[in-house]
Amino acid sequence: MSSYDLIAITGVSRGLGSVLAQWFIDQGKTIAGCARSQQGIDELSARFPAPHSFRAVDVTSADDVRDWADSVVAQQGTPDLVICNASICNDASKRTWELSDEEFDQVLSVNINGTANVCRAFLPSMVERGSGTLIGLSSRAGRKGLANLAPYCAGKWAIEGLMRAIARELPDGMASIPMNPCDINTEMYRSNWPANAPSKPSPEEWVAIAGPYILGLDAQHSGESATVPLPGYVL
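The numbering used here puts the first residue of the sequence shown at 109, with every later residue one more than the last.
A portion of the hints provided could be inaccurate.
[Said to hold, decoys possible] Under the rule of at most 25 Å between Cα atoms (straight-line distance), these lysine-lysine pairs were calculated in the PhoX-like manner:
no., residue 1, residue 2
1, Lys137, Lys202
2, Lys202, Lys252
3, Lys308, Lys202
[Unchecked claim] Each pair of labels, with its calculated beta carbon distance range:
no., residue 1, residue 2, range
4, Ala158, Glu332, 15 to 21 Å
5, Gly324, Arg237, 18 to 24 Å
6, Glu277, Ala154, 16 to 22 Å
7, Ala182, Gly340, 22 to 28 Å
8, Ser153, Glu295, 27 to 33 Å
9, Asp178, Gly281, 21 to 27 Å
10, Pro279, Ser201, 33 to 39 Å
11, Asp134, Asp178, 36 to 42 Å
12, Asp178, Ser299, 48 to 54 Å
13, Gly324, Thr204, 23 to 29 Å
I should point out that these hints are in silico values taken from the structure, not numbers from a laboratory. Don't be surprised by glycine CBs; every beta carbon is placed ideally from N, CA and C.
Let's have the full structure, built from the sequences with the hints guiding it.
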């Protein structure tokens, strides 16, 4: 199991990001987290004071992300593990041509541009040190086409390509990995598939499997498409 002491996570105020932060802290890890919601960040900061840090960040803004990354490196050090979790989904009741331009663009901006911004902001210090792992959360939708999810699929497919391309640029000992978290009963999942949600694991059930799995990912997995090994999951 890899020794990831400082872990940066985006989208940390709710869903998978929230349970990952809690689980890693319970394992004695230090967290540098960001999310859009200032209220969520304030709540996390109150629950988990220093050495942890939390900041409101718009991942679609490269400048905002760079400011956050620079602050983390200056105050806490270079992360050992960066998890690009921040993600949104389009309205799955609409077909591709029925989505507004704004919604289509927003999903791509958050899901792929946001992931790229975070990777690009942290990579210089990680490469200079010569160690560290990047994980970009992909999806079932990043490995097969799903009706009514064109922008979400496009963004998640792009994450697969981005992380695998970065893997080819990194020095030995580092890793870039796209990871499918599988289907989880999160707020985002319930909003689009309420009938299916009760059959999916809760975030708390998920992290009991995903947490140890993530800590086991390292340089030997770089460039591979990883999938959290949930029992019974079929792509």
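Are Asp178 and Gly281 spaced within 21 to 27 Å by their CB atoms? holds, 24 Å
Within 18 to 24 Å: is that where the Cβ-Cβ distance between Gly324 and Arg237 falls? Cβ of Gly324 to Cβ of Arg237: about 21 Å, so the range 18 to 24 Å holds.
Holds or violated: Lys137 and Lys202, Cα atoms, limit 25 Å. The given pair, whose Cα atoms are some 41 Å apart, is violated under the 25 Å limit.
Looking only at beta-carbon atoms, does the pair Asp178, Ser299 fall within the given range of 48 to 54 Å? violated, 34 Å
Would you say the C-beta atoms of Pro279 and Ser201 sit inside 33 to 39 Å of each other? violated, 46 Å
May I ask you to test the hint 27 to 33 Å on the CB atoms belonging to Ser153 and Glu295? violated, 21 Å
Cβ separation of Asp134 and Asp178, checked against the hinted range 36 to 42 Å: violated, 28 Å
The hint says 23 to 29 Å between Gly324 and Thr204; measuring C-beta to C-beta, is that right? violated, 37 Å
15 to 21 Å as the expected CB spacing between Glu332 and Ala158, which holds or is violated: The hinted range 15 to 21 Å is violated for Ala158 and Glu332, with Cβ atoms some 35 Å apart.
Starting from the hint 22 to 28 Å, judge whether the C-beta atoms of Ala182 and Gly340 obey it. violated, 45 Å
With the threshold set at 25 Å, check whether the alpha-carbon distance from Lys308 to Lys202 stays at or below it. The hint holds at about 23 Å.
Range first: 16 to 22 Å. Now tell me if the beta carbons of Glu277 and Ala154 are that far apart. Violated: the Cβ-Cβ distance is about 39 Å, outside 16 to 22 Å.
Violated hints, listed in ascending order, are 1, 4, 6, 7, 8, 10, 11, 12, 13; each of the other numbered hints is respected by the structure.
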